[in-house]
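Chains as they are written, first to last, in my numbering: chain A, 1 to 426; chain B, 1 to 283.
It is worth saying that the hints were derived from the structure and are not from the lab.
Take the hints with a grain of salt, since some may be wrong.
BS3-like, lysine-lysine: derived pairs with alpha carbons at most 27 Å apart [stated by the list, open to error]:
(1) A:K40 x B:K152
(2) B:K193 x A:K233
(3) B:K36 x B:K126
(4) A:K312 x A:K383
(5) B:K36 x B:K253
(6) B:K152 x A:K383
(7) A:K347 x A:K336
(8) A:K30 x A:K17
(9) B:K61 x B:K152
(10) B:K280 x A:K30
(11) A:K233 x A:K336
(12) A:K312 x A:K347
(13) A:K405 x A:K231
(14) A:K312 x A:K336
(15) B:K126 x B:K109
(16) A:K405 x A:K347
(17) A:K40 x B:K109
(18) B:K274 x A:K30
(19) B:K109 x B:K61
(20) A:K231 x B:K274
(21) B:K253 x A:K8
(22) A:K231 x B:K253
(23) A:K233 x B:K274
(24) A:K30 x A:K233
(25) A:K347 x A:K30
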Amino acid sequence: MSSHETSKYVPTHPVAKWFEDRLPLIGFTKSTLIDYPTPKNLNYWWTFGGILAFMLGVQIVTGIVLAMHYTPNAALAFDSVELIKRDVNGGRLIQAVHATGASMFFFAVYVHIFRGLYFGSYKAPREILWILGVIIYLLMMATAFFGYVLPWGQMSFWAAAVITNIFAAIPVIGDPILQLLRGGFAVDNPTLNRFFSLHYLLPFIIAAVVVLHIWALHVPGNNNPIGVEVKEKRDTVPFHPFYTMKDLFAVVVFCIPFAWFAFFAPDILGHSDNYIMANPLVTPPHIVPEWYFLPFYAILRAIDFNFIIDSKLLGVIFFGGSILILFFVPWLDTSKVRSGTFRPAFKWFYWLFVVNFLLLMWYGAQEPALQIIGPFTVADVSKLSVVYYFAYFIVILPLLGRFEKPRPLPNSISESVLSKPAAATT
Amino acid sequence: MIQLKTIFAAALIGVGLAGGAIAAETAAPEDNTIAKQHWSFAGPFGTFDQNQLQRGFQVFKEVCSNCHSAHLLMFRNLAEPGGPGFSEAQVKALAATYEIADPDADGGKRPALPSDHWPSPFPTEKDARDANGGALPPDMSVLAKARGIEDKFPNWVFNYLTTYAEGGPDYIHAILNGYVDPPPAGFQLPEGKHYNKYFPGHSIGMPPPLTDGQVQYAAAADGKTVPLTVDQYSKDVGAFLMWVAEPHLDSTKAAGFRVLTFLILFAVLMWLVKQQLWRKVEH
Numbered sequence: 001m002s003s004h005e006t007s008k009y010v011p012t013h014p015v016a017k018w019f020e021d022r023l024p025l026i027g028f029t030k031s032t033l034i035d036y037p038t039p040k041n042l043n044y045w046w047t048f049g050g051i052l053a054f055m056l057g058v059q060i061v062t063g064i065v066l067a068m069h070y071t072p073n074a075a076l077a078f079d080s081v082e083l084i085k086r087d088v089n090g091g092r093l094i095q096a097v098h099a100t101g102a103s104m105f106f107f108a109v110y111v112h113i114f115r116g117l118y119f120g121s122y123k124a125p126r127e128i129l130w131i132l133g134v135i136i137y138l139l140m141m142a143t144a145f146f147g148y149v150l151p152w153g154q155m156s157f158w159a160a161a162v163i164t165n166i167f168a169a170i171p172v173i174g175d176p177i178l179q180l181l182r183g184g185f186a187v188d189n190p191t192l193n194r195f196f197s198l199h200y201l202l203p204f205i206i207a208a209v210v211v212l213h214i215w216a217l218h219v220p221g222n223n224n225p226i227g228v229e230v231k232e233k234r235d236t237v238p239f240h241p242f243y244t245m246k247d248l249f250a251v252v253v254f255c256i257p258f259a260w261f262a263f264f265a266p267d268i269l270g271h272s273d274n275y276i277m278a279n280p281l282v283t284p285p286h287i288v289p290e291w292y293f294l295p296f297y298a299i300l301r302a303i304d305f306n307f308i309i310d311s312k313l314l315g316v317i318f319f320g321g322s323i324l325i326l327f328f329v330p331w332l333d334t335s336k337v338r339s340g341t342f343r344p345a346f347k348w349f350y351w352l353f354v355v356n357f358l359l360l361m362w363y364g365a366q367e368p369a370l371q372i373i374g375p376f377t378v379a380d381v382s383k384l385s386v387v388y389y390f391a392y393f394i395v396i397l398p399l400l401g402r403f404e405k406p407r408p409l410p411n412s413i414s415e416s417v418l419s420k421p422a423a424a425t426t
Numbered sequence: 001m002i003q004l005k006t007i008f009a010a011a012l013i014g015v016g017l018a019g020g021a022i023a024a025e026t027a028a029p030e031d032n033t034i035a036k037q038h039w040s041f042a043g044p045f046g047t048f049d050q051n052q053l054q055r056g057f058q059v060f061k062e063v064c065s066n067c068h069s070a071h072l073l074m075f076r077n078l079a080e081p082g083g084p085g086f087s088e089a090q091v092k093a094l095a096a097t098y099e100i101a102d103p104d105a106d107g108g109k110r111p112a113l114p115s116d117h118w119p120s121p122f123p124t125e126k127d128a129r130d131a132n133g134g135a136l137p138p139d140m141s142v143l144a145k146a147r148g149i150e151d152k153f154p155n156w157v158f159n160y161l162t163t164y165a166e167g168g169p170d171y172i173h174a175i176l177n178g179y180v181d182p183p184p185a186g187f188q189l190p191e192g193k194h195y196n197k198y199f200p201g202h203s204i205g206m207p208p209p210l211t212d213g214q215v216q217y218a219a220a221a222d223g224k225t226v227p228l229t230v231d232q233y234s235k236d237v238g239a240f241l242m243w244v245a246e247p248h249l250d251s252t253k254a255a256g257f258r259v260l261t262f263l264i265l266f267a268v269l270m271w272l273v274k275q276q277l278w279r280k281v282e283h
């Protein structure tokens, strides 16, 4: 399975040998989780892969327990979530861990994605690895959206109504898709039931794609902060114990803010309207998605003008395109140098992209009519941010590779490590 | 690289602050910002004040529950740890004074038991609306979490550090103290409504529910008394409704402190393990 099977597992016990001859599971585990040679210069941004695996486990375990007590029925769902918090043993904590866990999971995935964008982890030979990652991210978004609907509060209900309605903008097949998603003409009990079913299904598909993601990682091996491939054995350390212990340390540190939110302020990341039971007759004054969807929500809302096609469809195209464009990043970035550390011009555009993403997040939470600078409103300035978001991928990354003069690369990981004080590696 | 990042961070914060300031400015003409109150249960170490919960329960029982339901509250909750701290005998006696509609009982009614839900004042939503001029008194089970106050940009960042989750009680306190009679000149108040400066749209169906001296508190066990004012009543009932919405708040916060202590110690140990391992590797 892996090209890095440097050490072969030789079973000594006859039973182990008998088993290994029929299914080489122990040898496979040893070569992928223990002996796997990993670049020795990985920084803490690389620990988020392990953190994400941990978070997926947390969400699946807490989610399975919650599903044992939850009632997917439009009349009962809201109270059943409350009863979990009140009367199920430890229910208050399990529910809070699951709900705040979604936010922590997305925080970690954003760090992971932006790390990949900075250090060029999507470049050859890791394109498939990157694409699988984007698929995981898409599945995460769908899972989080379905999960948010389940408590059947006002925001749950209206998020379901608004997001499913996006599909109605697609010509011809839009309406059938809308009705298929909702299970009828409006969001109602059938919607809740199918969303519950899908919310239970998708995490296991995510887990399967994560296996592929790790497999695709183990074929070329890890990228690293200098972006120079592993050349010899002394560039690497075995995954265990070096990275198992470093990742475990990172997971424990990550759990500190996680516990802070789960125990002390589980609702601070949510919206108080979601403690009002869903009511199709009352529209909340401000429908806002969870924070992790805000940048894309801002992109959707920024397209409020007709250009050749209707603004609604155009908005959906930009909304979908803002995520789908990630699939093409490996071929849009023409620079041969992987790591942003050695790309003086790229750095500027990259950090501007990060700031722009955060700005979009902020715009997504504001009223479109809110004035930002002089007479210009959120609706106006967010268009600039949308332009930069797409220009980064379509114009800047392709052109930078041609015109930028990268700094000289170290010959190897070991060389860069030894000369560390001189050449700072971000 | 640090320099570059710092510049961008500074720029971002600058933009954010500017946005926040502008947002605050547009909100300025009406001074209806809800003041945050001091709550004993705020922050990571907060706990409910048992005397306050008992007083708040009295306000709820004598005033609110005449129109508002709280169907997730059960009588037994009132005797559970972290709550108002009534004894089981007290709760049993209290429950027995209420009647529960039960189709299995003789005559369709029976006295309530501690395991019963708090009885709703009206059998259906239609009845509730008819008795309240068309407005529906909202259920109070999670009301304290279903309301909040809005913080402008730079302020809410600090809420993550202070774990501010008391927007609901703050809002409830403000509404109960926000009645203005007569309404400001030029405000068209619909028939049967009341002017409240903190209510969205200002026209609220609920008449001012509290007046000074309306609820007679007994002195606490330690002989302490509190003023019998609307301000005090609304603080007490705000705290009580927070407990109704979050009955395990005290034990959760106590557990959170233990868990965080453990995590921090564990993190230190893991860091030492990691350092020891990596000491011999140039990296």
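For each hint, the structure was consulted:
1. A:K40 x B:K152: violated (45 Å)
2. B:K193 x A:K233: violated (80 Å)
3. B:K36 x B:K126: violated (35 Å)
4. A:K312 x A:K383: Cα-Cα ~15 Å, so holds.
5. B:K36 x B:K253: holds (21 Å)
6. B:K152 x A:K383: OK: B:K152 and A:K383 at ~23 Å, within 27 Å.
7. A:K347 x A:K336: Satisfied, since the Cα-Cα distance of roughly 15 Å is no more than 27 Å.
8. A:K30 x A:K17: The given pair, whose Cα atoms are some 15 Å apart, holds under the 27 Å limit.
9. B:K61 x B:K152: violated (36 Å)
10. B:K280 x A:K30: At roughly 23 Å apart (the allowed maximum being 27 Å), A:K30 and B:K280 satisfy the hint.
11. A:K233 x A:K336: holds (24 Å)
12. A:K312 x A:K347: Not satisfied, since the Cα-Cα distance of roughly 35 Å exceeds 27 Å.
13. A:K405 x A:K231: holds (24 Å)
14. A:K312 x A:K336: violated (39 Å)
15. B:K126 x B:K109: Cα-Cα ~21 Å, so holds.
16. A:K405 x A:K347: holds (12 Å)
17. A:K40 x B:K109: violated (74 Å)
18. B:K274 x A:K30: Holds, at about 21 Å.
19. B:K109 x B:K61: holds (21 Å)
20. A:K231 x B:K274: holds (25 Å)
21. B:K253 x A:K8: Violated - the C-alpha atoms of A:K8 and B:K253 are around 50 Å apart, more than 27 Å.
22. A:K231 x B:K253: Judged against 27 Å, a Cα distance of about 52 Å means the pair is violated.
23. A:K233 x B:K274: Distance of about 21 Å is within 27 Å: holds.
24. A:K30 x A:K233: holds (18 Å)
25. A:K347 x A:K30: Cα-Cα ~38 Å, so violated.
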